[in-house]
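*Asks:* Generate coordinates for the entire structure from the input sequences, incorporating the hints supplied.
The numbering used here puts the first residue of the sequence shown at 26, with every later residue one more than the last.
A couple of the hints might just be wrong.
Derived EDC-like pairs: lysine to aspartate or glutamate, alpha-carbon spacing no greater than 20 Å straight-line [as the list claims (entries may be wrong)]: (1) 81 - 33; (2) 149 - 65; (3) 149 - 115; (4) 67 - 119; (5) 67 - 138; (6) 149 - 128; (7) 109 - 216; (8) 149 - 112; (9) 149 - 178; (10) 81 - 45.
The set of hints was computed from the structure by calculation and includes no laboratory data.
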Amino acid sequence: MQLFYIPDLDDDLVQLSPDESRHCVRSLRMAAGDTLYITDGKGTLATGSILSPDPKGCTVQISNRDIQPHRADYHLHLAIAPTKNADRIEWLVEKAVEIGIDEITPLITHNSERTHLNRSRLEKIAVSAMKQSLQRHLPIIHDETPFESFLRDTSATAKIICHGHYEHPLMMSQACHPSDDTVVLIGPEGDFTEHEITLADHAGYRPVSLGHNRLRTETAALTAVCAVALINQQQQ
26 MQLFYIPDLD
36 DDLVQLSPDE
46 SRHCVRSLRM
56 AAGDTLYITD
66 GKGTLATGSI
76 LSPDPKGCTV
86 QISNRDIQPH
96 RADYHLHLAI
106 APTKNADRIE
116 WLVEKAVEIG
126 IDEITPLITH
136 NSERTHLNRS
146 RLEKIAVSAM
156 KQSLQRHLPI
166 IHDETPFESF
176 LRDTSATAKI
186 ICHGHYEHPL
196 MMSQACHPSD
206 DTVVLIGPEG
216 DFTEHEITLA
226 DHAGYRPVSL
236 GHNRLRTETA
246 ALTAVCAVAL
256 INQQQQ
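*Replies:* In structure tokens, the structure reads:
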């Protein structure tokens, strides 16, 4: 199954973007009459057939739509202080989307090494990962947000913070349960400051251990995403 992306699938006659059209017609060598599958990243999976295999704008007739209101029974929001090396945060976005995530917020913390990201590039990576993993929900990638603002404006059933200063951390399975609306905070390479940890504690965030080893920022984030996904899969 090859999945394509069009952000608006309201009409029965749609056109793939130039990039999607070139991939469809030139790379996959699809022709008029061939069946393809399209998602809008909002839960719709549409089935259609090619009317005009133009590599600059492939026209598709939609014949069926299947709508999935939610990505999963749980909601996961990852808030992470971006790494200095942009390649590493881009890798994380790709892998987190493949595993399953709903929102990603870059955090601006005291020890942040990077305070600006190319959001449009991250969104393209997310689209590609969504299609590759045959999902129909595109996660929201938010603008860079100051740490204190994020704590103030974000609510969730399970609030989790991962850092290296805790004495008696919980295991992920103790802090997060199936179907929870979960937010996970991951700090920069220099970690959260004591002040930031105190603020998170006052906002209801619980410290969770990701194991005995010291992990890079992106590794810690992906470990947390995997742990939350596995906890929810155990319910199925």
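*Asks:* Compare the structure with each hint and give your call.
*Replies:* Here's how the hints hold up against the structure:
no. : hint      : in the structure
1   : 81 - 33   : holds, 18 Å
2   : 149 - 65  : holds, 14 Å
3   : 149 - 115 : holds, 10 Å
4   : 67 - 119  : holds, 18 Å
5   : 67 - 138  : violated, 33 Å
6   : 149 - 128 : holds, 15 Å
7   : 109 - 216 : holds, 13 Å
8   : 149 - 112 : holds, 14 Å
9   : 149 - 178 : violated, 26 Å
10  : 81 - 45   : holds, 9 Å
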